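All chains should be modelled from the sequences, with the hints used to inform the complete structure.
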Amino acid sequence: MERLFLILELAGTLAFAASGAITGLKKNMDIFGVCILGLTTAVGGGVIRDVILGITPPTTFLDPIYAVVALLTSLVLFLPRIRRLLMWDQRLYDLVLLIMDSAGLGIFTVAGIRIAYQQASRPTLFLLVFVGVVTGVGGGVLRDVMAGDTPYIFVKHVYASASLAGALTCVGLWPLVGEAAAMLCGGGLVIAIRILSAHFRWNLPHAHD
Amino acid sequence: MERLFLILELAGTLAFAASGAITGLKKNMDIFGVCILGLTTAVGGGVIRDVILGITPPTTFLDPIYAVVALLTSLVLFLPRIRRLLMWDQRLYDLVLLIMDSAGLGIFTVAGIRIAYQQASRPTLFLLVFVGVVTGVGGGVLRDVMAGDTPYIFVKHVYASASLAGALTCVGLWPLVGEAAAMLCGGGLVIAIRILSAHFRWNLPHAHD
Amino acid sequence: MERLFLILELAGTLAFAASGAITGLKKNMDIFGVCILGLTTAVGGGVIRDVILGITPPTTFLDPIYAVVALLTSLVLFLPRIRRLLMWDQRLYDLVLLIMDSAGLGIFTVAGIRIAYQQASRPTLFLLVFVGVVTGVGGGVLRDVMAGDTPYIFVKHVYASASLAGALTCVGLWPLVGEAAAMLCGGGLVIAIRILSAHFRWNLPHAHD
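Listed in order, the protein sequences are those of chains V, S and D. Counting along the first sequence from 1, when you hit position 75 you're at 75 in our numbering, and nothing is skipped either side. Counting along the second sequence from 1, when you hit position 117 you're at 117 in our numbering, and nothing is skipped either side. Counting along the third sequence from 1, when you hit position 94 you're at 94 in our numbering, and nothing is skipped either side.
All the pointers check out, no bait thrown in.
Note that the list lumps identical chains together, so a pair holds whenever it fits in one copy or between two copies.
Using 20 Å as the maximum straight-line C-alpha spacing, the simulated DMTMM-like pairs for lysine to aspartate or glutamate come out as follows: (1) K26 / D89; (2) K26 / D94; (3) K26 / D149; (4) K27 / D149.
Hints were generated in silico from the structure; no laboratory data involved. Nothing here was measured: the structure is a model prediction, and the numbers come from that model.
Dropping the structure here:
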């Protein structure tokens with residue numbers, strides 16, 4: 001269980017770092033900018049979570065494996081040759097990235113909730129859900145704000161709402177079925193909603209519809 | 001006194017949430033984006049304040065009434081029928097929003113100062129005033145940064161300077177006339193400056209004038 | 001040594017505040033916006049550092065000399081007459097600003113590392129370097145995000161990478177040569193790289209080259 005969890009977290013870190021690095025590449029940033037944006041996207045959500053929960057310095061600084069994975073991912077994507085190789089089949093590449101990103105969103109959401117349970121002396125529903133969603137989507141918001149884009153979560157697709165649905169499910173089931181099953185259900189729901197919504201192009205209602 | 005304070009804080013929360021939700025609607029965000037932007041505008045200033053003062057998790061997560069009010073406000077404004085009803089008389093609507101927003105700015109500013117006094121072991125003038133102003137304007141800055149606009153406080157009207165004038169007044173009077181009177185004078189001054197400046201279209205000097 | 005350090009820190013504060021104020025002037029902000037942007041640029045990196053390290057309230061609020069210098073700098077630059085006088089010789093002005101900004105970047109980077117050493121119970125390499133770089137470049141990132149620009153560090157010149165090289169040097173030498181010498185070498189390296197890169201127009205590789 002712990003081992004599977006770690007692997008999924010690393011897959012999510014890799015996917016988040018890739019999305020940050022690719023944003024930087026599209027904006028024609030230099031190698032440093034690409035690495036910073038990849039790192040921020042991958043660990044930003046966790047840093048915001050830790051600051052809100054009063055965990056200082058944030059755990060990512062004491063256990064830098066996620067940061068190292070994020071930096072390596074960004075560096076590798078910076079190399080034109082590898083980028084061309086990876087993007088040889090654009091559809092396959094997009095699919096792999098979608099699955100990894102969904103895994104990351106699901107894992108980070110329930111991991112955030114677990115840490116909030118461990119840390120907060122009085123874990124309210126709102127605190128748990130908020131911390132879960134922030135851990136899941138915070139890195140992407142920082143990426144977009146720093147890159148000068150309107151945050152992705154505001155304009156396209158079912159993204160933060162997948163994280164929210166999973167967070168509510170996880171927190172709701174937690175006292176009933178225990179930690180492991182609640183995290184599995186919540187995280188699985190995030191991944192399912194995210195992948196299905198991307199496939200069927202679901203969207204939430206807009207006011208101008 | 002406590003009761004009046006709570007009512008004014010809720011009015012401010014409602015107005016701040018409405019300004020965030022309306023920004024989201026103008027940007028054609030989906031229902032989730034509108035709620036997030038309403039929530040961020042309403043509670044963002046308080047969260048920044050608590051992080052600066054070391055109050056973790058921030059109080060808004062433990063006492064979620066403000067968050068609930070902010071989310072309900074955003075949801076209601078999302079409904080086209082209600083929006084049309086509310087905006088039936090555009091001038092009246094603008095006036096109500098201005099008064100509520102001014103109340104929020106004034107109340108949040110002095111409420112921030114009170115919490116800084118309670119929390120800080122060494123409350124300097126700069127800390128008290130800064131925390132007051134951040135509590136008042138922080139949510140609006142987050143709203144504009146997340147929506148991709150230049151923060152409102154930088155470009156238009158006397159807004160943050162109303163908060164600053166009230167904060168200085170409140171902190172200056174505090175040791176002389178006591179908590180209640182200082183908060184009343186400071187908050188009242190913010191509201192007065194904000195409403196008068198909107199009515200008479202006051203502006204601070206620009207360098208190019 | 002302490003005295004020299006203070007003078008250099010004040011020079012850096014002055015330069016950072018000037019860069020923030022000038023950004024605000026270019027965006028046609030009013031006097032309040034110019035001061036806020038000058039203040040944010042000068043003390044923002046240190047506030048982020050203190051929040052990450054759990055130093056609340058951040059030291060800048062308890063020892064407001066840097067904030068006062070930043071506000072005075074912004075106010076003075078707002079006066080058209082003084083601005084014209086200072087910019088009488090544009091090349092000299094640019095040179096002075098570059099040297100002061102480089103001094104600020106170097107000093108802030110190594111000052112951040114020193115505070116991380118003092119504060120963290122388990123100072124990892126990643127924590128020390130990250131905190132150093134954030135202290136150095138954080139204020140500029142906040143300035144650009146708040147002003148609606150893509151952060152400077154992402155698009156132009158060797159800037160954050162100068163801070164990174166100096167931070168790595170400082171942390172690497174610290175256990176070998178002691179605090180003072182490590183800070184001197186690290187800070188000096190930042191300043192040298194920054195000035196040389198500006199003079200010779202060095203750039204890091206971009207992916208599209």
